[in-house]
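A.B. asks: Here the protein sequences come in this chain order: A and B.
Using the working numbering, you'd call the opening residue of the first sequence number 1 and step up by one each time.
Using the working numbering, you'd call the opening residue of the second sequence number 418 and step up by one each time.
Among the hints, erroneous ones may be present.
Said to hold, decoys possible - Stretch by stretch, here's where chain B covers chain A in the computed footprint (C-beta under 8 Å, at least three residues):
{"id": "1", "region": "27 to 35"}
{"id": "2", "region": "38 to 44"}
{"id": "3", "region": "177 to 184"}
{"id": "4", "region": "193 to 202"}
{"id": "5", "region": "275 to 289"}
As the list claims (entries may be wrong) - One-sided excerpt, in silico: chain A residues whose CB lies under 8 Å from chain B:
{"id": "6", "residue": "His13"}
{"id": "7", "residue": "Asp16"}
{"id": "8", "residue": "Asp63"}
{"id": "9", "residue": "Leu64"}
{"id": "10", "residue": "Gly87"}
{"id": "11", "residue": "Asn188"}
{"id": "12", "residue": "Gly308"}
Said to hold, decoys possible - According to the in silico footprint, chain A covers these stretches of chain B (three or more CB under 8 Å from chain A):
{"id": "13", "region": "538 to 550"}
{"id": "14", "region": "567 to 576"}
{"id": "15", "region": "644 to 654"}
{"id": "16", "region": "668 to 675"}
Quick caveat, the hints were computed from the structure, so don't treat them as lab data.
Think of the CB as a built atom: it goes at the ideal place given N, C-alpha and C, for glycine as much as any other residue.
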Amino acid sequence: MTTDFTYDLNITHAPDAGGHFEANGTLFGGRFAAETLMQPLQEIEQAFIEAWDDPEFQAERLDLLKNYVGRATPLYHAKHLTAEVGGAQIYLKREDLNHTGAHKINNTIGQALLARRMGKKKVIAETGAGQHGVATATVAAMFNMQCDIYMGREDIRRQAPNVFRMKLLGANVVPVDSGTATLKDAVNEALRVWVANCEDTYYIFGTAAGPHPFPLMVRQFHTVIGQEARAQCLEQAGRLPDVAVACVGGGSNAIGLLHPLQDDDIRLVAVEAAGHGLESGQHAAALAKGKPGIIHGSLSYLLEDEEGQVQGTHSISAGLDYPGVGPELAAMMSKGRLELDSATDNDALEAFQALTKAEGIIPALESSHALAAGMRIAANMKSDEIVLINLSGRGDKDLNTVMDKLGFQDDTQGTCT
Amino acid sequence: MSRLSEVFARCKSEKRAALVGYLTAGDPNVDTSKELLLTLAKQVDILEIGMPFSDPMADGPVIQAASERALASGTHIADVFELAHIVRKTNPDIGIVLMGYANTPFVLGFDIFSKQAVAAGVDAVLLVDIPPEEGYLCDPIFKQYGLDRILLLSPTSTDERIKLASKHASGFIYYVSLNGITGANIGEMSAIKQKVANIRVHTDLPVCVGFGVKTPQQASEVAEFSDGVVVGSHFVGQIPAHATQNEAMVSSINDAAQAMKTAMQT
């Protein structure tokens, strides 16, 4: 792979003018926002459309993606893992090798450039696992912008290393105690703060959800993943993958990988967090177990009770612990273009260890869900077939959680098996 | 003439602005909420009944906490309709507006929601997160059931957006006086006055002003240039302030509303 990758900057499968992704008569997406945010959202939409068509904006963005983020990320043929699974060839898209350790920075680079272009001095963001928070704090440091990150108190506890990273980067981490004190509540709080400060503040939304234009914009900034993976697979294997697999919380890494592959004859698989099991009621599988609902500015699938109250979710991975999902994935599922799969906490822990031992790559717990499902799918396929798995992030941030779950004692005399 | 039109016509003939009071249904529990709503209904021209929601994105801490109390004490949408119905039975002339978030009627189904709202004696619905652009979901159904659709305007609303809202709203326009959430500090009075005048260029609908009206003095000032003054967090705030003392809660909401009303009449 050459380092200078040529990206297709045409916007395909665009939503309608109102940001709706139509499927079977339902208009997913849209802009379900309070009046105060309507004009700021229109301004962002306008700025995004102009910037996307501006060669200077694209040149700066792509230069940063190459020289600051480290794109193109490798596509790695995981031969040892393939041998262990004993089925299709497993290829990993190494988003974990991006600067800051996850795909999230593809989006924060784009939105920070947009914020600067719009003359905003301050950025805010929500974060769950802390990966989007770190990616936002990173670009804010680079662009010398003031940065506040909203994070649920529960997630702050689970993701201490990322909290420290954000603080080192100069961001202010604001704990959120309302509701369930996780990602959805951090989004609520960031929206409240943005409403009051939209004059000088830009909200860097972290996933391909929220009110229009965020689902479209976040997708466009992440399609580098799928575009590269497609070309790299053709170059290395001489053919396209048969299956492409990504984990889904809000869905940003999934739409980034899968969107550029949807016009090919490739099975697209979205892997949701099954937590303690899809039937346990303690999971975060919005597409599999949710119903259409409206939250955080868009109409999509949502884990909610019969009266529309949003339900608490559970996943070992904070980044997947979200009751909603991006509207475009909901529309793709509704149209039958997206297959659903899921992985439990335990599945993810097993996959986490399997990849670490087989390939010397420690994956994020989020990505471990995609791995668990991808390995299961590969096991039932032939050896001349290809499963492409998006390794959306690295696992360093999860070591405390995994140590705890595996009962690892920090004892230099002992051994970890 | 719709009931809301009658309310505003009556206030106009009395040369005063309408007092619009908000409480969340089921806060702190359904029984107490019934007393509080009945008390407030006696003082206001229009009663806004909040439908508790798990994720009240446009609300400040006071009304967020109200939603949490209502849900924790087991308030359901059926209770919201029942409370509205109870208020209506003894208050035939006041306006009753259900206020909340899109997901509540969306999940119930706008048709069923509207049918039950009308049966409960509700006049209008205000859904914070359904702007005119997404009105395709509810506008035709509300119209069919004769429910007014209250739309918000804010300091960020351009002339174009004011025209759009005016085209789709009925009942009244709710002008959010500040860029922010409910219960924040009210904006600069002269700027609010100017924006209300600007809105009136584009619509004949009554314009009510809310978000941040906390004192009788503010209510009185807003009343001078608007058709109605909305008070929410100030009333809701009496509930946690008096914790489990129901009588004190009832009398403090009564007194707070009385003070607003008196200030607006002078």
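A.B. asks: Evaluate each hint against the coordinates.
C.D. replies: We went through each hint and held it up to the structure:
Using a Cβ-Cβ cut-off of 8 Å, 7 residues of the region 27 to 35 of chain A lie near chain B, which meets the minimum of three, so the contact claim holds. Requiring three or more residues with a Cβ within less than 8 Å of a Cβ of chain B, the coverage given for the region 38 to 44 of chain A holds, as 3 such residues are present. Counting residues of the region 177 to 184 of chain A whose beta-carbon sits less than 8 Å from any beta-carbon of chain B gives 3, enough to reach three: the coverage restraint holds. Remark: the region 193 to 202 of chain A is confirmed as covered by chain B, as 5 of its residues place a Cβ nearer than 8 Å to a Cβ of that chain, reaching the required three.
Counting residues of the region 275 to 289 of chain A whose beta carbon lies closer than 8 Å to any beta carbon of chain B gives 0, which falls short of the minimum of three for the stated coverage. Checking His13(A) against chain B: minimum C-beta separation of about 21 Å lies over 8 Å; hint violated. Checking Asp16(A) against chain B by beta carbon gives a least distance of about 11 Å; that is not within 8 Å, so the hint is violated. The criterion of a C-beta within 8 Å of any C-beta in chain B is not met by Asp63(A), whose closest approach is roughly 34 Å, and the hint is violated.
Taking 8 Å as the C-beta contact cut-off toward chain B, the hint placing Leu64(A) at the interface is violated, the least distance being around 31 Å. Taking 8 Å as the C-beta contact cut-off toward chain B, the hint placing Gly87(A) at the interface is violated, the least distance being around 41 Å. Interface hint status for Asn188(A): upheld, as the beta-carbon distance to the closest one in chain B is roughly 5 Å, under 8 Å. Restraint check, Gly308(A) versus chain B: the minimum CB separation of about 3 Å is within 8 Å; hint holds.
Counting residues of the region 538 to 550 of chain B whose beta carbon lies closer than 8 Å to any beta carbon of chain A gives 5, which meets the minimum of three for the stated coverage. Under the rule that three or more residues need a Cβ within less than 8 Å of chain A, the assignment of the region 567 to 576 of chain B holds, with 8 such residues. Only when three residues or more bring their CB closer than 8 Å to a CB of chain A does the claim for the region 644 to 654 of chain B stand; here the count is 0, and the claim is violated. A stretch counts as covered by a chain when three or more of its residues have a beta carbon under 8 Å from one of that chain; for the region 668 to 675 of chain B and chain A the count is 0, and the coverage is violated.
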